[in-house]
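Sequence lines, in order, name chains H and R.
In case it helps, the UniProt record's numbering puts the first sequence at residues 1 to 344.
In case it helps, the UniProt record's numbering puts the second sequence at residues 1 to 344.
Source of the hints: derived by calculation from the structure; they are not laboratory data.
Do not rely on the hints blindly, as some may be mistaken.
Which copy? The list can't say, so a pair holds if one copy fits it or any two copies do.
In silico lysine-lysine, BS3-like type, Cα no more than 25 angstroms apart, as pairs [claimed, not checked]:
(1) Lys3 to Lys51
(2) Lys114 to Lys259
(3) Lys18 to Lys245
(4) Lys303 to Lys245
(5) Lys272 to Lys320
(6) Lys259 to Lys117
(7) Lys117 to Lys216
(8) Lys269 to Lys114
(9) Lys307 to Lys245
(10) Lys245 to Lys117
(11) Lys259 to Lys245
2 protein chains.
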Amino acid sequence: MTKERAYFEALALKEHGKLCPDHVPEVYHFDRTMSLIGMRYLEPPHIILRKGLIAGIKYPLLAEHMSEFMAKTLFYTSLLYRTTTEHKRNVAEFCGNVELCRLTEQVVFSDPYKVSKFNHWTSPYLDRDAEAVREDNTLKLEVAGLKSMFCERAQALIHGDLHTGSVMVTPNSTQVIDPEFAFYGPMGFDIGAFVGNLILAFFAQDGHAAEGNDRKEYKEWILRTIEETWTLFHQKFTALWHQHKDGSGEAYLPEIYNKPELQQLVQEKFMKDLFHDTLGFGAAKMIRRIVGVAHVEDFESIKDDSKRATCERQALELAKLLLKERRNFQAITEVVSAIRKLHA
Amino acid sequence: MTKERAYFEALALKEHGKLCPDHVPEVYHFDRTMSLIGMRYLEPPHIILRKGLIAGIKYPLLAEHMSEFMAKTLFYTSLLYRTTTEHKRNVAEFCGNVELCRLTEQVVFSDPYKVSKFNHWTSPYLDRDAEAVREDNTLKLEVAGLKSMFCERAQALIHGDLHTGSVMVTPNSTQVIDPEFAFYGPMGFDIGAFVGNLILAFFAQDGHAAEGNDRKEYKEWILRTIEETWTLFHQKFTALWHQHKDGSGEAYLPEIYNKPELQQLVQEKFMKDLFHDTLGFGAAKMIRRIVGVAHVEDFESIKDDSKRATCERQALELAKLLLKERRNFQAITEVVSAIRKLHA
Numbered sequence: 001m002t003k004e005r006a007y008f009e010a011l012a013l014k015e016h017g018k019l020c021p022d023h024v025p026e027v028y029h030f031d032r033t034m035s036l037i038g039m040r041y042l043e044p045p046h047i048i049l050r051k052g053l054i055a056g057i058k059y060p061l062l063a064e065h066m067s068e069f070m071a072k073t074l075f076y077t078s079l080l081y082r083t084t085t086e087h088k089r090n091v092a093e094f095c096g097n098v099e100l101c102r103l104t105e106q107v108v109f110s111d112p113y114k115v116s117k118f119n120h121w122t123s124p125y126l127d128r129d130a131e132a133v134r135e136d137n138t139l140k141l142e143v144a145g146l147k148s149m150f151c152e153r154a155q156a157l158i159h160g161d162l163h164t165g166s167v168m169v170t171p172n173s174t175q176v177i178d179p180e181f182a183f184y185g186p187m188g189f190d191i192g193a194f195v196g197n198l199i200l201a202f203f204a205q206d207g208h209a210a211e212g213n214d215r216k217e218y219k220e221w222i223l224r225t226i227e228e229t230w231t232l233f234h235q236k237f238t239a240l241w242h243q244h245k246d247g248s249g250e251a252y253l254p255e256i257y258n259k260p261e262l263q264q265l266v267q268e269k270f271m272k273d274l275f276h277d278t279l280g281f282g283a284a285k286m287i288r289r290i291v292g293v294a295h296v297e298d299f300e301s302i303k304d305d306s307k308r309a310t311c312e313r314q315a316l317e318l319a320k321l322l323l324k325e326r327r328n329f330q331a332i333t334e335v336v337s338a339i340r341k342l343h344a
Numbered sequence: 001m002t003k004e005r006a007y008f009e010a011l012a013l014k015e016h017g018k019l020c021p022d023h024v025p026e027v028y029h030f031d032r033t034m035s036l037i038g039m040r041y042l043e044p045p046h047i048i049l050r051k052g053l054i055a056g057i058k059y060p061l062l063a064e065h066m067s068e069f070m071a072k073t074l075f076y077t078s079l080l081y082r083t084t085t086e087h088k089r090n091v092a093e094f095c096g097n098v099e100l101c102r103l104t105e106q107v108v109f110s111d112p113y114k115v116s117k118f119n120h121w122t123s124p125y126l127d128r129d130a131e132a133v134r135e136d137n138t139l140k141l142e143v144a145g146l147k148s149m150f151c152e153r154a155q156a157l158i159h160g161d162l163h164t165g166s167v168m169v170t171p172n173s174t175q176v177i178d179p180e181f182a183f184y185g186p187m188g189f190d191i192g193a194f195v196g197n198l199i200l201a202f203f204a205q206d207g208h209a210a211e212g213n214d215r216k217e218y219k220e221w222i223l224r225t226i227e228e229t230w231t232l233f234h235q236k237f238t239a240l241w242h243q244h245k246d247g248s249g250e251a252y253l254p255e256i257y258n259k260p261e262l263q264q265l266v267q268e269k270f271m272k273d274l275f276h277d278t279l280g281f282g283a284a285k286m287i288r289r290i291v292g293v294a295h296v297e298d299f300e301s302i303k304d305d306s307k308r309a310t311c312e313r314q315a316l317e318l319a320k321l322l323l324k325e326r327r328n329f330q331a332i333t334e335v336v337s338a339i340r341k342l343h344a
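Next up, chain H with everything else stripped away, as it sits in the complex (with noise of 0.2 angstroms):
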């Protein structure tokens, strides 16, 4: 870890705990000279969400914590809480941890899209299915705008890297580590990542499938936090909204906005919006999980190739199909659907 990893990482966890004290661990002390984070030791039995999914591990209130972590994180990180002028402070700040932003360019919008050494799949089961990718013109015209946004829009601090090797669980606790790519970008890209990666965890379900615990209802506990993650934030985001509509944001000035029918029209606009830069950015986070250069424990340890590249080959389908075809869903809903159809 570079120097500068390590002060984005310690400014994120302490703007974030400051936010949502609950889900993020405490940062005691940070030296810049030493590149040191002293922060609360998360104890046992604390382990990495990924390793619960892969054993099947069910999180009742995993749903409920993330949606608050991320209402929180991105609402008061934005302008629909805070002033341009704190906003581009902020915004000139983490432009300092460009190296770790280009390394996410690379891997999540670049490198599935072309020939690259770092590539790797399943092969040669999901060798047409690599070739594919990088030459579906509609994928790469997608990928190119998700691409653009994550480059140049600064929206809120985002986690920058919010997979579900990125939380650590207990049945009652949820909290949220590493956010040494932190940066003011899309909003999309952090629920996306979450929301994709459990994805990531239902599609490999099959994989861990043995005699006597065929895994069918903790798939089904899989979609059903997919479906509540989105509900959850939804509500806990619109109600801050609510909550601060006649604060201090810029974003939708009180004296234009704060009539109940344009109120209404404007949030069911942005919550729209923000759904399908979700969908967009989990998509895209799916993909180079499978043809990409660094993959997934949920497939990874899957040990029988060809199992592995079906369960592979469904979540890479459903992936495409959220990409390319994102605007036509409009709920979440719809997307348990398509996730049911494609693994029926």
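Since chain H is already given, all that's left is putting chain R on it; use the hints.
Chain R only, in chain H's frame:
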């Protein structure tokens, strides 16, 4: 002028001057402590373009020159040409110009849509029109989207105030001045400002018509200039893109996007979005000049209130149409047709 203003003006003049020396006055010296800019004196017969448009003077090279200025300054400061490392460094620096961004946010995206003591209009003629703007939910929804883009999207180093009062001209020379509002924002804000102000100049012509000079031919020249500005901008911008398609710009990596068919697809998408941004921002800039705080001499110099109101109302109606329906416009010729229709 505050000291900060002078700093960003000098910075932008130098940056734009490097990219398009033919149309930006040279800065000889800048002293930050003294906030002193030593720059080229734009000698007579240079006059402010707006005054030339009011006087009915044709500038046959205007579209050629302005499209060149916009294509070069916007292309070379975007991710079509730059790496994200360079881009983020520049974005961070210009985040410091927040006070003038806030002024734009207020006068362009807020004041016209609420009761504000700073607003004025040709009363009583436009009283109902101004009220209609304040009560138009669709208009306010669209303006909110543009404001977010203005505040969040660091697409290129824009001039930030590119109306016809920021351009000095002779029949052979076009010089862009006063970039103290410069920052990294959406490209369409600059193109829209220029085109929107040409449209205002068009609708003001009937107020300047006199015995023996009905301005009919001049109006045709303005319409041609509007059309040529976008057409030439489109040509020059995509030519720069083509010229640098194997360069270091990171929005569309050569390894992924340099197949002719895909290249065309992404360019068409990019230029279509930019066209719609241009119409949206152009419309917002027109509206604020009719019912907001700062008006334009094009209309203000029309002595007869009733006559002025008629001109202004036509411009306002066009602006509302563009702002609300811009995504249905496919070409600049359709915009010119809409202008003619509203003027008839």
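Hint by hint, here is what the structure shows:
Within a single copy, lysine 3 and lysine 51 get their C-alpha atoms no closer than 29 angstroms, and across copies no closer than 56 angstroms, so neither meets the 25 angstroms cut-off. Proximity of lysine 114 to lysine 259 under the C-alpha cut-off of 25 angstroms is restricted to the inter-copy arrangement: shortest distance 12 angstroms between copies versus 49 angstroms within a copy. Only within a single protomer do lysine 18 and lysine 245 lie at most 25 angstroms apart by alpha-carbon distance; the minimum there is 21 angstroms, versus 44 angstroms between protomers. Proximity of lysine 303 and lysine 245 under a CA criterion of 25 angstroms is satisfied in neither setting, with 52 angstroms inside one chain copy and 43 angstroms between copies.
In this homomeric assembly, lysine 272 and lysine 320 come within 25 angstroms of each other (Cα to Cα) both inside a single copy, at 20 angstroms, and across copies, at 24 angstroms. In this homomeric assembly, lysine 259 and lysine 117 come within 25 angstroms of each other (Cα to Cα) only across copies, at 21 angstroms, whereas the closest approach inside a single copy is 55 angstroms. Taking CA atoms no more than 25 angstroms apart as the test, lysine 117 paired with lysine 216 passes in neither setting, with 37 angstroms inside one copy and 64 angstroms between copies. Proximity of lysine 269 and lysine 114 under a CA criterion of 25 angstroms is satisfied inter-copy only: 21 angstroms between copies versus 34 angstroms inside one chain copy.
With identical chains, the CA atoms of lysine 307 and lysine 245 are never at most 25 angstroms apart, being 51 angstroms at best within one copy and 41 angstroms at best between copies. For a Cα distance limit of 25 angstroms, the shortest separation of lysine 245 from lysine 117 across copies, 23 angstroms, qualifies, whereas the shortest one inside one copy, 50 angstroms, does not. In the homo-oligomer, the alpha carbons of lysine 259 and lysine 245 lie at most 25 angstroms apart inside one protomer (11 angstroms), although the nearest pairing across protomers, at 48 angstroms, exceeds that limit.
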